[in-house]
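Put together the whole structure using the sequences plus the hints.
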Amino acid sequence: MKQAAANPQISMPQYFILQIMVFGAISFYLYPYFIINATNQSYWIPILIWMMLGLLGAWLFSRMMALHQGMDAFAITKQELGWPGMILFILPMMWFIWRSMIIMIRAHTEIISMTILHTTPQWCLNGVILISVFLAMGGLVPIVRTAGVFLLVSLPLSFALTLLGLSDIHLYLGKPWIHTNGDFITSSKFYASSCIWLGYLYYAACGKYTKKPDKLWKPYMIAAICFLPLIAGSVYLPVLTFSAEMSRNLTLPYISKMDSVNHYWLVVENLTAVFISTSMLYLILVLSLMLHCFVIALKAMIPSWNEKLLYLLIGAVTYASTFFITSWNGIEKSVEWDSPFRLYLMFLFPLAVIIKSFMAERMKSRS
Amino acid sequence: MRIKIRRTFLTLCLVILAFLLQGCWDVKDIDNRLLVTAIGIEQAPDNKIRIWTRFPIPQSPQSSSSGPGKDFFTTNQLGNTVVEAFDSLRLKLPKYLDMSGTRTIFLDQRLAEKGFLPYLEFTIRDRMLPLDTVVALVSGDMEPIFTKPNPSGELSGVYTKLFFERYAGGTAQKNMVPLWGLFSGYFNPLEENLVPLLISDPVTLFKLKGNAFFQGDRMIGMLTPEETLIYEIVTNQMTPFEIETAQEMNVKILESEATIHTRMKNNKPVIRIQAKLTMTLMDSAHGITIKPDKLEASINRLLENRAVKIFEQTQKKKSDIFKLGNHFRGKVPASQFNRWPELYQHATIEFKLDSRLKNTGLQLMRKPFINPPKEG
Chain D
0 MKQAAANPQI SMPQYFILQI MVFGAISFYL YPYFIINATN QSYWIPILIW
50 MMLGLLGAWL FSRMMALHQG MDAFAITKQE LGWPGMILFI LPMMWFIWRS
100 MIIMIRAHTE IISMTILHTT PQWCLNGVIL ISVFLAMGGL VPIVRTAGVF
150 LLVSLPLSFA LTLLGLSDIH LYLGKPWIHT NGDFITSSKF YASSCIWLGY
200 LYYAACGKYT KKPDKLWKPY MIAAICFLPL IAGSVYLPVL TFSAEMSRNL
250 TLPYISKMDS VNHYWLVVEN LTAVFISTSM LYLILVLSLM LHCFVIALKA
300 MIPSWNEKLL YLLIGAVTYA STFFITSWNG IEKSVEWDSP FRLYLMFLFP
350 LAVIIKSFMA ERMKSRS
Chain Z
0 MRIKIRRTFL TLCLVILAFL LQGCWDVKDI DNRLLVTAIG IEQAPDNKIR
50 IWTRFPIPQS PQSSSSGPGK DFFTTNQLGN TVVEAFDSLR LKLPKYLDMS
100 GTRTIFLDQR LAEKGFLPYL EFTIRDRMLP LDTVVALVSG DMEPIFTKPN
150 PSGELSGVYT KLFFERYAGG TAQKNMVPLW GLFSGYFNPL EENLVPLLIS
200 DPVTLFKLKG NAFFQGDRMI GMLTPEETLI YEIVTNQMTP FEIETAQEMN
250 VKILESEATI HTRMKNNKPV IRIQAKLTMT LMDSAHGITI KPDKLEASIN
300 RLLENRAVKI FEQTQKKKSD IFKLGNHFRG KVPASQFNRW PELYQHATIE
350 FKLDSRLKNT GLQLMRKPFI NPPKEG
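Protein chains in written order, with numbering that gives the first Met the number 0: chain D, 0 to 366; chain Z, 0 to 375.
If you're looking for bench data, these hints aren't it; they were derived computationally from the structure. From a predicted model like this one, the values you see are computed outputs, not experimental measurements. No residue lacks a Cβ here, since even glycine has one placed at the ideal position from N, Cα and C. Just so you know, not all the hints are guaranteed correct.
So the derived list for chain D, only partly shown, Cβ under 8 Å to chain Z, looks like this [said to hold, decoys possible]: (1) Thr114; (2) Phe133; (3) Asn248.
In structure tokens:
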């Protein structure tokens with residue numbers, strides 16, 4: 000009984016909820032811009048390519064987590080690869096999580112500034128990180144429970160907004176529907192669009208909360224499939240409404256789409272405000288998950304540090320760092336520049352640990 | 000004791016965080032705002048711009064008990080640019096100028112002929128106005144539209160939008176164009192804009208004169224309200240309120256469905272439009288005897304002839320208001336999209352109409368033709 004309390008388990012549906020929150024936090028702001036600018040042909044093809052690659056990455060990551068049941072990804076890396084592995088993988092992962100947190104906060108606060116709170120200063124809006132710090136300090140189980148509550152509010156609203164977005168669309172604007180010349184392969188924006196499919200990396204700190212780490216790819220897959228209509232909607236709704244040419248000229252195509260929805264019978268006039276409120280729920284939750292992940296990674300390197308203080312410290316540093324990104328252009332460029340780094344962590348990190356473990360086992364069996 | 004202090008500290012932190020959550024800053028109460036409901040942008044002498052703004056004045060039953068007061072007020076301001084004129088206007092106003100509730104923008108026809116972009120670009124660059132604000136052109140003086148009271152009441156300026164709204168006062172001929180639609184037509188090389196053109200009316204403030212068609216951001220011609228019906232049929236935007244007269248009879252078009260087939264032949268677009276209309280007889284005035292199939296044929300002829308004229312007119316001016324270019328996505332390389340106005344000019348367009356009289360009223364339920372001669 001005591002052991003169960005010390006090691007509470009997170010069920011597969013709860014992992015699914017976590018993943019849905021990650022998709023919700025990352026999918027709506029930059030993703031439509033990247034996909035619409037990556038190709039002139041069928042947009043669903045680059046979307047599905049990255050989804051498949053994401054599934055492959057999630058499967059690899061689950062295999063890695065299954066190497067040592069009950070351990071998190073950082074402890075596994077430390078055990079399999081030692082300090083070189085920590086330098087090669089854990090440090091880049093920490094750097095990446097930290098950068099992602101800064102970009103996400105800045106992107107969301109910039110959107111809020113551009114749309115509903117024009118005069119609220121950035122230092123106030125960036126303070127959203129403090130809420131996540133407090134949530135993260137509770138540990139992974141409170142984060143998961145909060146995710147459940149947030150999901151009840153945010154997911155139905157996201158679906159409702161997507162359904163409302165179906166007004167004023169023209170299918171001919173999405174042509175060609177089943178043709179591509181692969182033009183996106185040479186576009187850096189195509190690689191930047193991988194940013195929404197890396198959610199499984201945030202399972203890194205979940206090892207000790209599951210008895211079946213090898214099955215962690217399943218909640219990821221189900222979440223990806225369930226969220227796919229919303230992801231496709233974030234790209235296709237602006238294209239089918241404004242045309243691809245106008246959407247490419249918009250900083251925030253999906254938010255502009257929300258702005259354009261007008262029905263005589265619709266009571267809520269400002270759908271953008273509803274959309275942003277749901278986005279903030281996703282954001283607060285995912286920031287706390289990322290913070291938790293970051294602190295667990297740091298603890299794997301320096302176990303003696305006080306966890307609570309680390310949360311406060313990382314929160315404060317992240318908050319201060321958000322001021323270094325001064326424009327929306329900076330946010331777009333940051334996500335593009337992070338692409339090689341992201342792909343390295345999505346695929347090479349789990350693959351390297353699995354290969355090293357496989358080789359070590361073979362050597363052991365030979366000897 | 001320590002636990003108690005810790006709990007108090009955490010509660011305090013949560014309360015502070017709750018303050019952060021609402022994000023309010025620099026609050027402006029509704030009392031401190033002047034909500035613009037309609038904006039007019041008019042050409043003024045010396046290459047200047049005059050902006051017109053109409054603000055509703057909220058009235059409670061108590062305040063209006065002394066009698067009906069004016070429920071709006073209007074301002075106008077000269078400037079070199081629209082933004083400069085708004086800045087100057089702010090110097091005169093006692094409260095904050097809030098354009099977030101704007102329902103309609105009226106643009107002077109003369110400015111639209113020069114190109115609307117310099118006058119409306121501010122609306123999408125800075126998010127001052129809602130993207131669903133209705134855009135309309137005005138022929139002639141804007142002053143009466145902004146200074147006279149609306150006969151049906153101010154309705155916080157909503158009447159300017161209701162005029163176009165299909166569920167309210169609008170008919171298909173009015174062709175409501177939201178701000179985002181105007182810019183979509185501008186940015187998309189495969190289509191052009193068709194924007195309603197209004198003219199002031201001594202009783203109803205304004206009325207529809209026609210619909211202006213564009214090339215890029217410049218107005219280059221006008222369709223009459225009757226001609227606009229062809230646009231509505233081709234773009235499948237017809238609403239079941241239109242009345243068309245043929246053989247001195249009035250019919251209501253209930254439904255319309257156009258199917259568009261496109262292909263490239265010898266580097267020239269070939270477009271076949273097949274439209275089906277479902278109608279009902281509204282009024283068989285003058286006691287003319289005519290069989291339903293003859294009536295259908297005459298309507299087909301009337302609308303097809305009208306369509307030929309409009310296609311010729313828009314092709315001559317390279318203005319694809321029917322958005323037909325979008326049907327060539329995937330058939331023409333994206334790099335060639337900018338050539339679409341030339342391709343449209345030389346396109347072969349066939350328009351076939353198939354109209355069906357769904358019913359002809361109670362009278363013809365008994366006899367297979369309209370207004371049968373009285374027997375005996």
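Hints and how they fare:
1. Because the smallest distance between the Cβ of D:Thr114 and any Cβ of chain Z comes to about 6 Å, under 8 Å, the interface hint for this residue holds.
2. A least Cβ separation of about 7 Å between D:Phe133 and chain Z falls short of the 8 Å threshold, and the interface hint therefore holds.
3. Hint on D:Asn248 holds. Least Cβ distance to chain Z is approximately 6 Å, under the 8 Å limit.
Comparing the model with each numbered hint stated earlier shows that all of them hold.
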